[in-house]
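Chains as they are written, first to last, in our numbering: chain A, 1 to 248; chain B, 1001 to 1245.
Hints in this document: simulated from the structure, not taken from any laboratory.
Keep in mind it's a predicted model, so treat the numbers as computed, not measured.
Positions of the beta carbon are idealized from the N, C-alpha and C atoms, including for glycine.
Among the hints, erroneous ones may be present.
Here are the simulated distance ranges between beta carbons [as the list claims (entries may be wrong)]: (1) B:Ile1091 to A:His141: 56 to 62 Å; (2) B:Ala1223 to A:Ala158: 41 to 47 Å; (3) B:Gly1051 to A:Arg122: 47 to 53 Å; (4) B:Ala1110 to A:Glu29: 37 to 43 Å; (5) A:Ser118 to B:Ala1219: 38 to 44 Å; (6) B:Arg1216 to A:Thr197: 48 to 54 Å.
Below, in silico cross-link-like pairs of lysine to aspartate or glutamate (EDC-like), each with a Cα-Cα straight-line distance of 16 Å or less [unchecked claim]: (7) A:Lys4 to A:Asp71; (8) A:Lys2 to A:Glu29; (9) B:Lys1123 to A:Asp25; (10) A:Lys92 to A:Glu23; (11) A:Lys2 to A:Asp30; (12) A:Lys92 to A:Asp26; (13) B:Lys1120 to A:Glu194; (14) A:Lys2 to A:Asp98; (15) B:Lys1123 to A:Glu194; (16) A:Lys242 to A:Glu194; (17) A:Lys4 to A:Asp25; (18) B:Lys1120 to A:Asp71.
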Amino acid sequence: MKLKLRIWRQSSADAKGRMVSYELDDVSEDASFLEMLDVLNERLIAEGDDPVAFDHDCREGICGACSLVIDGQPHGPQAATTTCQLHMRKFKDGDSIDIEPWRAGAFPVIKDLVVDRSAFDRIIQAGGYISAPTGTAPDAHAVPIPKQDADAAFSAAACIGCGACVAACPNGSGMLFMGAKVAHLGLTPQGQPERATRVLGMVAAHDEAGFGGCTNTGECAAACPKEIGLDVIGRLNADFRKAAIRAA
Amino acid sequence: MSTDLQSRTAARPAKRAPKPTGPWRSNIGLKIAMAVSGVLLVLFIIVHMAGNLHVFEGREEMNAYAHGLRTLGEPLLPHETVLWVLRVGLIVLAAVHIWSAVVLTRRSLAARPVRYHSRKPAKGESRHAVATMRWGAAVLVLFVAWHLLDLTFRTVNPVKDVPDAYGAVVATFSPERWPVTVFYLLALVALGFHLRHGVWSAVQTIAGPDTKWRKRTQAVALAVALVVVVGFAIVPLSVTFGLVK
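Using the sequences plus the hints, can you model the full thing?
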């Protein structure tokens, strides 16, 4: 299939970027979106040009490295799918496709389509952990957890930290990511000791990084490749309210 | 011998500590302030809407209701005491609501310094909110200013006699002053969209997580928006079309 690509090219963090057009003639429908970019890059390298920089790692949809806004949609048009699991058969012959990086002040562009997502690491450092005693692993049934809580915690733990929620949010907010972590750790007995300090610390780190606030439009949940729901933001709000009142 | 550790550059000096801002100045803290003040303002709006319906009982009943608001709490309390307590409360609520909204909006705009080249239409749960909340708020602020000048202070109303609330309503929505009615209805549309999102969004912000209850509060928000818009709109429409004279 033939494709017309418009890709954000920016040579360095400080350089001014722009959309650059490329045409690809012979793209296989069975190629993944990233393989299609690999083909483009092979051609660019052969022509002596700088290849397009983009983040990728496992290409199995579980690592959260790939991060492309395709035609204005983080991870592209297919719901509940990361960029690496998106295939060219979802596009039509002759399509023109816009490819941009995540856009957020807290995610500065490093090069082309690669952004610095260490703001998420700082949020995790501020509370995304539990204190576990060392020693041999306890028996799996030593701490009973209600099935409902275990299921909800597991759904929230599906978050791969890719940042599509921030990229989709009209406010550039990281609340869905933060809510997923607060729900995942706060629903289990192991996460209780840090529950209050976790939410206060993470929210402070989130705001400090320059993410915006939540307006409950739901764009994040619609873009999330792991289908994390808006309920985690409600849980984040409730945990925050309780912790902030107790801290006051 | 490895030279890795020796060649590692010293850690960068810690950035200047940000000025301490308590949890209530955070994005969620301000959002809770916006939600609480918003819910209380919605309660006022529902009471206001219900009170307006006295206009259908005629001039005497409507003016007696207006008089009753000024003499509420008498003779225990001086004239207009309760009214002014309520007014000051409303002013504080509006100030908190608008101030938190302005701070959060500024932070949101700063959070995306570079815009996307291609944008797809919103596909979230409350997709209309992106387009209606902020512009709608601006319309509502302008409307409240006009509304106070029109029906509270009577600056722009032909009926200057304050106790004649009925006469002021009939005069301002008379057919030859049709732009007033159109602006009133336009502000109601903005209010309707504002409540349709704002009511469930406030509940999600204050109360928390449950997905089942979120769907229910979304239905309640739509019902509140419809009842408020219809309840307010029938008054000017009745005057314009001669049902109330």
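Here is what the structure says about each hint:
Checking the proposed 56 to 62 Å range against isoleucine 1091 of chain B and histidine 141 of chain A shows it holds: the Cβ atoms sit about 59 Å from each other. Between alanine 1223 of chain B and alanine 158 of chain A, the C-beta spacing of about 34 Å breaks the proposed range 41 to 47 Å. Our hint of 47 to 53 Å for glycine 1051 of chain B and arginine 122 of chain A holds, since their Cβ atoms are close to 51 Å apart. A beta carbon spacing of about 42 Å between alanine 1110 of chain B and glutamate 29 of chain A agrees with the range 37 to 43 Å that was offered as a hint.
In this structure the hint that serine 118 of chain A and alanine 1219 of chain B lie 38 to 44 Å apart at CB holds, the actual value being about 41 Å. Separation of arginine 1216 of chain B from threonine 197 of chain A is about 32 Å and departs from the stated range, judged on CB atoms against 48 to 54 Å. Using a Cα cut-off of 16 Å, the hinted pair lysine 4 of chain A and aspartate 71 of chain A holds, with the two alpha carbons roughly 12 Å apart. A threshold of 16 Å between alpha carbons decides the hint, and for lysine 2 of chain A with glutamate 29 of chain A the separation of about 10 Å falls inside it, so the pair holds.
Under the criterion of a C-alpha separation no larger than 16 Å, the hint pairing lysine 1123 of chain B with aspartate 25 of chain A is inconsistent with the structure, at around 32 Å. With a C-alpha separation of about 14 Å, the suggested pair lysine 92 of chain A and glutamate 23 of chain A falls inside the 16 Å cut-off, and the hint holds. Distance check on the hinted pair: lysine 2 of chain A and aspartate 30 of chain A sit about 14 Å apart at the alpha-carbon level, within 16 Å; holds. Between lysine 92 of chain A and aspartate 26 of chain A the CA atoms are separated by roughly 13 Å; this keeps the pair inside 16 Å, and the hint holds.
For the suggested pair lysine 1120 of chain B and glutamate 194 of chain A, the alpha carbons sit about 40 Å apart, so the restraint of at most 16 Å is broken. Taking the CA atoms of lysine 2 of chain A and aspartate 98 of chain A, the gap is about 14 Å. The hint holds against a cut of 16 Å. A C-alpha spacing of about 35 Å is found between lysine 1123 of chain B and glutamate 194 of chain A, which places the hinted pair above 16 Å, so the restraint is violated. Distance restraint check for lysine 242 of chain A and glutamate 194 of chain A: the Cα-Cα separation of roughly 13 Å lies within the 16 Å cut-off, and the hinted pair is therefore satisfied.
Note on lysine 4 of chain A and aspartate 25 of chain A: the hinted pairing holds, with a Cα-Cα distance of about 9 Å set against a maximum of 16 Å. At roughly 7 Å between alpha-carbon atoms, lysine 1120 of chain B and aspartate 71 of chain A fall within 16 Å of each other, so this suggested pair holds.
Violated hints for the displayed structure, listed by number in ascending order: 2, 6, 9, 13 and 15.
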